[in-house]
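Chains R and U are the protein sequences, given in the same order. Numbered by this note's numbering, the letters in the first sequence go through residues 1 to 115 in order. Numbered by this note's numbering, the letters in the second sequence go through residues 1 to 113 in order.
Keep in mind that a hint or two might mislead.
Which chain R residues stay away from chain U? Per the calculated CB distances, all over 12 Å, these [as the list claims (entries may be wrong)]:
id, residue
1, Val-4
2, Lys-18
3, Ser-20
4, Tyr-35
5, Ser-38
6, Glu-44
7, Glu-56
8, Phe-64
9, Asn-70
10, Ser-71
11, His-77
12, Gln-104
13, Arg-111
Using 20 Å as the maximum straight-line C-alpha spacing, the simulated SDA-like pairs for lysine to any residue come out as follows [as the list claims (entries may be wrong)]:
id, chain 1, residue 1, chain 2, residue 2
14, U, Lys-67, U, Ser-108
15, U, Lys-67, U, Glu-93
16, R, Lys-36, U, Ser-108
17, R, Lys-41, U, Glu-5
18, R, Lys-40, R, Thr-80
19, R, Lys-36, U, Ser-12
20, U, Lys-42, U, Ser-84
21, R, Lys-18, R, Tyr-105
22, R, Lys-40, U, Ser-28
23, R, Lys-36, U, Arg-37
24, R, Lys-22, R, Leu-51
25, U, Lys-42, R, Leu-27
26, R, Lys-40, U, Glu-93
27, R, Lys-22, R, Glu-44
28, R, Lys-18, R, Gln-95
29, R, Lys-40, U, Thr-102
30, U, Lys-42, R, His-10
31, R, Lys-41, U, Thr-102
32, U, Lys-42, R, Glu-52
Note that these hints are calculated values from the structure, not bench results. Bear in mind the structure is a predicted one, so any value in this text is a computation, not a measurement. No residue lacks a Cβ here, since even glycine has one placed at the ideal position from N, Cα and C.
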Amino acid sequence: ETGVTQTPRHLVMGMTNKKSLKCEQHLGHNAMYWYKQSAKKPLELMFVYSLEERVENNSVPSRFSPECPNSSHLFLHLHTLQPEDSALYLCASSQSGGGGSETQYFGPGTRLLVL
Amino acid sequence: QKEVEQDPGPLSVPEGAIVSLNCTYSNSAFQYFMWYRQYSRKGPELLMYTYSSGNKEDGRFTAQVDKSSKYISLFIRDSQPSDSATYLCAMSEGGGGSYIPTFGRGTSLIVHP
């Protein structure tokens, strides 16, 4: 496993539920990311936080709400999701969130199923 | 046209074969090129990282970048069943451009004994 952990690993929820995904990085990085990975599609960047400030939001629906209380923790709050939101949600971190290339380190992901 | 094109496969090879995985791209500003390996039910892990054109070798793995053709490759020599995974290419501009990588959709590789 990498220095990025995610909980829960699996989640089943109904469309009216509210749940949260948690990510924690132990690498001393300053940038954190949420990605969505669906079958046969490229990784879709959802949110980027650098030094706890959101720097990018790729037109994600408001039913997904991120929270970054500090540089080690990242949350993704979910509410009134749709079945098409079922996917693997990956968290990643990188050193600084700017400048040269940012090598990203990924967590194991949360497999989400929306019924 | 997608920014990064990668054949999803699956690519099935016998153990010991040389594997060639490829990506093409359209953004000439990309300078940093990465290959990630993703096992089933796991997150991607960085395998190779290359800056600009040229080759980079690490054990059985060789990454090759041809910026003039906008084409990158990952070669795996003496492939093993444990190499069976999905391989994702990723690239970014870096510098004054976007540092956030753009990913290909991944190629599924199966190495059978």
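Evaluation of the provided hints:
1. Its beta-carbon lying about 7 Å from the closest one in chain U, Val-4/R breaks the requirement of being farther than 12 Å from that chain.
2. At roughly 25 Å, the least C-beta separation between Lys-18/R and chain U is larger than 12 Å, which holds for a residue marked as non-interface.
3. Under the 12 Å C-beta cut-off, the non-interface status given to Ser-20/R relative to chain U holds; the minimum distance is some 19 Å.
4. With a least CB separation of 8 Å from chain U, Tyr-35/R falls inside the 12 Å interface cut-off, contrary to its annotation.
5. Chain U draws Ser-38/R into its interface by the beta-carbon criterion, the shortest separation being 10 Å against a cut-off of 12 Å.
6. Not every C-beta of chain U lies more than 12 Å from that of Glu-44/R, the closest at about 9 Å, which undercuts listing it as non-interface.
7. Distance check for Glu-56/R against chain U: the nearest CB is about 7 Å away, which does not clear 12 Å, and the non-interface claim fails.
8. In this structure Phe-64/R is separated from chain U by more than 12 Å, as the shortest Cβ-Cβ distance comes to about 18 Å.
9. Annotated as non-interface, Asn-70/R keeps its C-beta farther than 12 Å from every C-beta of chain U; the closest such distance is 21 Å.
10. The Cβ of Ser-71/R lies farther than 12 Å from every Cβ of chain U, with a closest approach of about 17 Å, so its non-interface assignment holds.
11. With a cut of 12 Å on Cβ distances, His-77/R stays outside the contact zone with chain U, its closest approach being about 21 Å.
12. Non-interface call for Gln-104/R relative to chain U: violated, since the shortest CB-CB distance, roughly 7 Å, does not exceed 12 Å.
13. Distance check on Arg-111/R: its Cβ comes as close as 8 Å (rounded) to a Cβ of chain U, failing to clear the 12 Å threshold; non-interface status is violated.
14. For the given pair, Lys-67/U sits about 24 Å from Ser-108/U by alpha-carbon distance, which is inconsistent with the 20 Å threshold.
15. Taken as a hint, the Lys-67/U and Glu-93/U pair is honoured in the structure, with Cα atoms around 12 Å apart against an allowance of 20 Å.
16. Restraint check for Lys-36/R and Ser-108/U: satisfied, since their Cα atoms lie roughly 18 Å apart, inside the 20 Å limit.
17. Between Lys-41/R and Glu-5/U, the direct Cα distance comes to roughly 11 Å. Compliance with the 20 Å bound is thereby established for this hinted pair.
18. For the suggested pair Lys-40/R and Thr-80/R, the alpha carbons sit about 25 Å apart, so the restraint of at most 20 Å is broken.
19. In summary, the hint linking Lys-36/R to Ser-12/U is not supported, as the alpha carbons are separated by about 27 Å, beyond the 20 Å threshold.
20. At roughly 13 Å between alpha-carbon atoms, Lys-42/U and Ser-84/U fall within 20 Å of each other, so this suggested pair holds.
21. With a C-alpha separation of about 27 Å, the suggested pair Lys-18/R and Tyr-105/R falls outside the 20 Å cut-off, and the hint is violated.
22. A C-alpha spacing of about 25 Å is found between Lys-40/R and Ser-28/U, which places the hinted pair above 20 Å, so the restraint is violated.
23. For the given pair, Lys-36/R sits about 17 Å from Arg-37/U by alpha-carbon distance, which is consistent with the 20 Å threshold.
24. For the hint linking Lys-22/R to Leu-51/R, the alpha-carbon distance of about 17 Å falls within 20 Å, and the restraint holds.
25. Distance restraint check for Lys-42/U and Leu-27/R: the Cα-Cα separation of roughly 19 Å lies within the 20 Å cut-off, and the hinted pair is therefore satisfied.
26. For the suggested pair Lys-40/R and Glu-93/U, the alpha carbons sit about 25 Å apart, so the restraint of at most 20 Å is broken.
27. Simply put, Lys-22/R and Glu-44/R have alpha-carbon atoms about 18 Å apart, close enough for the 20 Å limit, and the pair holds.
28. Pair hint Lys-18/R plus Gln-95/R does not hold up; C-alpha atoms about 31 Å apart against a cutoff of 20 Å.
29. Restraint check for Lys-40/R and Thr-102/U: satisfied, since their Cα atoms lie roughly 16 Å apart, inside the 20 Å limit.
30. A C-alpha spacing of about 12 Å is found between Lys-42/U and His-10/R, which places the hinted pair at or below 20 Å, so the restraint holds.
31. Proposed proximity of Lys-41/R and Thr-102/U is supported: the alpha carbons are some 12 Å apart, at most 20 Å.
32. With a CA separation close to 26 Å, the supplied pair Lys-42/U and Glu-52/R exceeds the 20 Å bound.
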